[in-house]
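For the protein sequence lines, the chains are A and B, in the order given. Under the UniProt record's numbering, the first residue of the first sequence is numbered 1, with each subsequent residue one higher. Under the UniProt record's numbering, the first residue of the second sequence is numbered 1, with each subsequent residue one higher.
Hints were generated in silico from the structure; no laboratory data involved. Please note that a few of the clues may not be correct.
Derived, one-sided and incomplete: chain A residues facing chain B with beta-carbon distance under 10 Å [stated by the list, open to error]:
1. Gln122
2. Ala126
3. Gly130
4. Gln135
5. Arg147
6. Leu150
7. Thr152
8. Ala221
9. Ser223
What you are looking at is a predicted structure, and each value in this text was computed from that prediction instead of being measured. Glycine included, each C-beta is placed from N, C-alpha and C at the ideal position.
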Amino acid sequence: MDVLNVDYMLGLVPVLLRYLPLTLQLATIGMVLALILACLFAVVRVLAIPVLNQLTIVFISFFRGTPLLVQLFLFYYGLPQLVSALTVIDGITATIMGLTMHFSAYMAESIRAAIVGVDRSQTEAALSIGMTNGQLMRRIVLPQATRVALPTLMNYFIDMIKATSLAFTLGVTELMGATQKEASGSFLYFEAFIVAAIMYWIVVELLSKLQHYLEIRLNKAYSR
Amino acid sequence: MIKLQSLSKHFGKAVVLDGIDLTIEKGEIVVIIGPSGTGKSTLLRCINFLEQPTAGTITVGDLSVEADRASRSEILAMRRQTAFVFQNYALFANKTALQNIAERLLVVDRWPKEKAYQRAREILEQIGLADKADAYPASMSGGQQQRVGIGRAMAAGAEVILFDEPTSSLDPEWVEEVLGLMKQLASARQTMMVVTHEMSFARDVADRVIFIDGGRIVEQGPPSEIFYHPQDPRTKDFLKKILATNPV
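Input sequences plus hints: build the corresponding full structure.
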């Protein structure tokens with residue numbers, strides 16, 4: 001076995017770092033959109049709003065029940081075939097759509113569970129002072145549910161960062177795509193992918209730190 | 001003034017409130033007593049529309065609502081006229097004492113921030129918890145939490161404050177401070193309806209004591225009448241039992 005080519009690895013770091021922002025962008029935009037969508041789904045489910053509730057159940061079932069890669073191919077290769085106007089969808093947009101819908105389906109369920117877990121007395125107190133349903137959700141229930149849901153949601157965010165690597169199958173040159181290109185030029189596969197792996201790893205570690213910090217902040221109101 | 005006309009509440013086949021007629025004057029302190037499960041709490045919860053009454057009319061101040069066909073906006077308006085103090089305090093867990101009191105002023109009455117917090121501070125002062133302004137419920141004693149609960153109800157400037165067994169969840173050591181605050185409110189002639197098992201509070205503070213059994217008003221009158229000259233056998237029976245364990 002050849003020795004690891006350390007010089008190559010070190011040289012690769014700045015090259016690959018240029019593609020890290022795109023990876024983070026895909027994950028961040030995906031996460032923000034997925035969160036918004038998941039909150040809407042969760043509220044629809046909790047309030048059991050007719051029609052929307054049924055549609056949401058089917059949506060969640062489909063996007064949890066099928067592989068993300070299949071969904072990405074459906075958006076990128078499949079949709080334009082049905083609707084020619086959709087040929088304008090590029091790989092980046094298709095990736096964000098896929099990540100958003102896939103992860104919103106998962107997150108909706110954990111947000112819903114967190115909402116249902118907020119003590120009934122909190123809702124009653126909010127109603128008793130004359131709050132509307134929207135106000136009590138926004139000001140009382142969701143903030144308390146956030147604390148419960150945070151660890152799970154951060155897990156999904158971490159998962160989403162890694163899932164952005166699938167974008168390379170749609171021709172998007174993010175961290176994974178760039179690594180693939182570099183490796184097939186140099187044939188130093190192990191070196192190239194270990195550098196990429198460490199980069200993902202560091203990003204995820206930083207996020208875990210952020211999660212820890214957020215948990216302390218959100219728990220402030222609940223410690224004696 | 002509060003006026004209830006043939007107010008009833010059914011849960012399925014169970015009749016919890018069976019046509020309650022009741023008029024309460026402004027500034028009157030009414031204490032409601034009776035055996036458990038006879039509709040005392042349900043009565044208060046119906047006035048605040050935490051339960052939807054099955055039939056009857058509720059009038060609070062100049063707002064009158066046909067209970068069974070109350071619209072959303074009527075329900076909200078009725079909740080704004082009334083304030084509720086819960087047995088388990090039910091303070092907003094994600095908000096400080098100050099925020100708990102200011103919340104209604106900010107969100108429901110849409111006061112400007114500064115004015116709302118200033119009013120909330122005045123109330124904290126009044127309930128003797130000025131030093132707990134930034135404390136969260138989880139870090140306060142039961143007695144302190146319930147005082148904030150009462151402070152939250154005071155902020156409303158409501159026609160009536162409804163107290164649903166406000167001391168029943170408290171450790172004995174905290175009961176006095178909560179009753180003390182309620183007495184303070186009573187002497188300021190805040191209209192109050194209080195469901196409680198604290199018979200000495202009823203005797204000392206109430207203008208009128210109402211005995212409820214089986215979802216109906218059995219007997220009512222000034223505490224001196226009800227406690228010392230009860231007429232109905234059910235009232236006598238109840239008082240004998242409860243005074244044996246809670247002497248006044």
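For each hint, the structure was consulted:
Residue-level restraint check for A:Gln122 holds (minimum Cβ-Cβ distance to chain B is 6 Å; threshold 10 Å). Interface restraint check for A:Ala126: the shortest CB-CB distance to chain B comes to about 7 Å, inside 10 Å, so the restraint holds. Taking 10 Å as the C-beta cut-off, the interface hint given for A:Gly130 holds, the closest approach to chain B being about 4 Å. A least Cβ separation of about 5 Å between A:Gln135 and chain B falls short of the 10 Å threshold, and the interface hint therefore holds.
At about 8 Å, the closest approach between the beta carbon of A:Arg147 and any beta carbon in chain B falls short of 10 Å, and the interface hint on this residue holds. With 10 Å as the threshold, the beta carbon of A:Leu150 stays out of range of chain B, its nearest partner Cβ sitting at about 13 Å, so the hint is violated. Annotation: A:Thr152 was flagged as interfacial toward chain B, and the flag is violated, the nearest CB pair being 19 Å apart, outside 10 Å. Using the Cβ-Cβ criterion of 10 Å, the hint placing A:Ala221 at the interface with chain B is satisfied: the shortest such distance is roughly 4 Å.
Checking A:Ser223 against chain B: minimum C-beta separation of about 7 Å stays under 10 Å; hint holds.
Taken one by one, the earlier hints fail for this structure at numbers 6 and 7, listed in ascending order.
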